[in-house]
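Asker: Sequence:
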Amino acid sequence: MAQKITRVSLTLPKDLLDELDGALKAQGYASRSEAVRDALRDFLASYRWRRELGGEQLGALLVLYEHGVRGLIDVLMDIQHEHSQTISAVQHLHIDAKNCLEVLIVKGTADEVCKLVDRIGSLRGVKQAKLVVVGG
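Going by numbering that gives the first Met the number 0, the residue at position 55 of the sequence shown is 54; the numbering climbs one at a time, nothing skipped.
Simulated from the structure, these hints should not be mistaken for lab results. None of the values given here were measured: they were computed from a predicted structure. Idealized CB from N, CA, C, for every residue including glycine. Check before you lean on any hint, since a few could be wrong.
[Claimed, not checked] Below are the DSSO-like pairs computed for lysine-lysine, each with C-alpha atoms no more than 30 Å apart in a straight line:
{"#": "1", "residue 1": "Lys24", "residue 2": "Lys3"}
{"#": "2", "residue 1": "Lys13", "residue 2": "Lys97"}
{"#": "3", "residue 1": "Lys13", "residue 2": "Lys129"}
{"#": "4", "residue 1": "Lys24", "residue 2": "Lys114"}
{"#": "5", "residue 1": "Lys126", "residue 2": "Lys106"}
{"#": "6", "residue 1": "Lys126", "residue 2": "Lys114"}
{"#": "7", "residue 1": "Lys97", "residue 2": "Lys114"}
{"#": "8", "residue 1": "Lys13", "residue 2": "Lys126"}
{"#": "9", "residue 1": "Lys97", "residue 2": "Lys129"}
{"#": "10", "residue 1": "Lys24", "residue 2": "Lys126"}
{"#": "11", "residue 1": "Lys13", "residue 2": "Lys24"}
{"#": "12", "residue 1": "Lys129", "residue 2": "Lys106"}
{"#": "13", "residue 1": "Lys24", "residue 2": "Lys129"}
[Claimed, not checked] What follows is a set of in silico ranges between Cβ atoms, one per label pair, in the way DEER data are often shown:
{"#": "14", "residue 1": "Ala1", "residue 2": "Leu100", "range": "37 to 47 Å"}
{"#": "15", "residue 1": "Arg31", "residue 2": "Leu57", "range": "32 to 42 Å"}
{"#": "16", "residue 1": "Ala88", "residue 2": "Val35", "range": "11 to 21 Å"}
{"#": "17", "residue 1": "Leu19", "residue 2": "Gly120", "range": "18 to 28 Å"}
{"#": "18", "residue 1": "Glu111", "residue 2": "Arg6", "range": "30 to 40 Å"}
{"#": "19", "residue 1": "Asp110", "residue 2": "Ala1", "range": "19 to 29 Å"}
My request is simple: use the sequences and hints to build the entire structure.
Answerer: If you want it as structure tokens, here you go:
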């Protein structure tokens with residue numbers, strides 16, 4: 000029996016939609032829905048993987064964000080100070096006129112690190128928050 004499909008609506012900036020359409024064509028996707036389903040599966044696999052981490056973890060949290068979003072830099076700085084026991088170092092890079100990348104070296108329990116990733120990743124203006132674990 001086929002799985003029930005539910006329609007959802009998605010709002011995207013034009014440049015992101017244009018890039019998505021180009022990638023769909025290059026990779027031979029039949030529809031946007033197919034690609035979005037694949038992206039969601041990847042997102043959920045990463046989420047499940049982070050939830051299964053245990054013990055002490057060492058890694059890097061890469062945070063791509065739009066620095067012009069009101070209050071975002073202050074919130075990021077506050078979070079970094081609140082988590083000074085987990086964040087060992089921070090490298091800040093100016094990507095272009097609008098975007099910055101911060102690389103946070105993190106070390107702590109899997110729970111602490113995952114909560115930090117979730118908190119930063121949910122902020123308005125953060126485009127991506129990607130955790131790379133290299134060891135424990």
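Asker: Failing hints, ascending?
Answerer: 4, 16, 19
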